[in-house]
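Asks: The whole structure should be built from the sequences, with the hints applied where relevant.
Chains as they are written, first to last, in this note's numbering: chain A, 564 to 845; chain B, 2 to 316.
I should point out that these hints are in silico values taken from the structure, not numbers from a laboratory.
Accuracy of the hints is not assured; some may be wrong.
Okay, the calculated bits of chain B under chain A, using three or more residues with CB under 8 angstroms as the criterion [claimed, not checked]: (1) 57-66; (2) 166-178; (3) 270-281.
All values derive from a computational prediction rather than experimental measurement.
For every residue, glycine included, the Cβ atom is placed at its ideal position computed from N, Cα and C.
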Amino acid sequence: MSTRPAPRRGRREPVATVASVVAAVVFAAPLLFMVVGAFKPGSRVLADSTSWRAFWPEDGSLHNFGQAIDRAQFLLLLRNSLIVSSSVVAGGLVVNSMAGYALARFRFPGRRLLLVAVVALAVVPFQAVAIPLLYLMSGWGWRNTFAALIVPFIANPFYIYLFRSFFLSIPAELEEAARVDGAGPGRVFVSIAVPLARPAFATVGILAFISSWAELLWPALITDRVEVRTLPLGISVFRSVPPIDQGIILAFVVLAALPMFALFFVLQRQFIASVARTGIRG
Amino acid sequence: MTATASRIPSDALDGVQAVQPPRPRRQRSTGIALLFVLPAVILLAVFLLAPFCIAVYLSFTNERLASPLPRVWVGWHNYHAILTDPRFRQALINNVVFAVVVVPLQTALALALAVLVNRRVRGVALLRALFFAPVVMGIAVASTVWYLLFDPEQGMLNGVLKLLSWGHLHSGWLTSTSMALPSVIIMSIWSSVGLQMVILLAALQDVPTDLYEAAALDGATPWQQFRAVTFPGIRNALVFVLTMTTIFAFRLFDQVYIMTSGRPRGHTNTMLLELVQVGYERQQIGRACAIAVVFFVFVVGFAGLQRWIVREDAS
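Replies: Pasting the structure below:
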């Protein structure tokens, strides 16, 4: 996270301190309850939750995690989520960066129209086209396929616009010099423009990964088999499969949250910058 | 001060009008350009533009999923049916109530948290990570945890409530008709306020420090500094956060799909839950498409209306 010093005076601010403590408790309590509960026998999760014991792993063991991996098929769901999200990110980076680059650097008939179309389409929420897509894909035999979970999310008007803005913001001199030296447009793009645009790739990659990883509505519509089920839908399904054991459910959601937390800790700066950037330039 | 602020171009969603750096000379290369845009154009046409047009068309028909019956043009029937259906009307009202409560409340809380973590005190990095953690873990995980916290018999929330009121107060939370939607609101704010906080924090840190120094030299109180320096400086980010939160509010789905499925008696039903219910469970594609169109109109209409109001305020 940013370390830029804030413009604040050094004096004590009791109101801010109290507010910080209250907010910290409100945010930490559910998280602690989740993590501690994941180690407890299922019957104790709720029984303990109205006292300080909610935060104390009495009789704690790793039993729930083993059960979550077996019964909830955690590894299969994780694999599916990784396949879907990494394909969406990889495909999206290629397709959207190319379109954004063309809009920023090339002259071609229909450029203006395409730009207007991209901005207009950015307004259409995916949920508004989910039902007709379900209808179309049922006809194509795409239900319960990875393609159905991946392909609709690759091209994204917002990311195209983001790439275009970024390419416009970097000077074109280097690219022109390379062209004078005889490099073709494809080569200029790959070896000059792409390396310069690394921050834009990081931002789009992270944003696309976060939203793909969390997608619930579309998998709920287009899949009903565990072979292609992703983690969020897996959570929703496993919660209601008897015999219900709160300890195993919590262990399962802790496991499900781990990959994102890992990504967050590895890429903390980039992660925050990407999210913040959506609000500043978008 | 205000004059400077209002000259800053409005934020992201203005798209084309946004300020642009001096234009680099563009290459004339139609062939290669088409090659670059073709994949995106095809994918957007097939998976966004075409389905949207199909949604509008099918919303005027009685199309069903996998039905042998021929498709019949029914005019405005589907729209009339959903807008007079008490279930859908309640879902729509829930969405509006959710938006009207969550948008100002969550934005205000996000700003408060951003101000809290924009200080130079010990442990502030930990606080930032803590407030952002629910965003990282995702709404499906958060919903699962909060469902247990809301448990009417043994949940932590009732435990706290009883402790604070010496055993007098308790609530049915998600099971109570009056508290179900407020419960969803509480949980939603907890799980996504960190996102808005991060955006506003970035904006706060972009406000030039010397403006504060100048204001302090002029003897401005902290509140005066906030109004004269901070607020104009983060105005664009605030407008963006308001718009984004409004759109999220109308997209309300994941939390209610996992925690309530619209229960009790439709008190937490939403437009998107209805969309899935009608289009997927009941396989009434035509009618679900009408819901999708109404949903689209509301998202765009509310976001547009709000931006217009905020803009009027400024002038």
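Asks: For each hint, tell me whether it holds in the structure or not.
Replies: Hints and how they fare:
1. 57-66: holds (count 3)
2. 166-178: violated (count 0)
3. 270-281: With 5 residues in contact (Cβ-Cβ under 8 angstroms with chain A), the coverage given for the stretch 270-281 of chain B holds.
Violation of the numbered hints given earlier is confined to hint 2; every other hint is satisfied by the structure.
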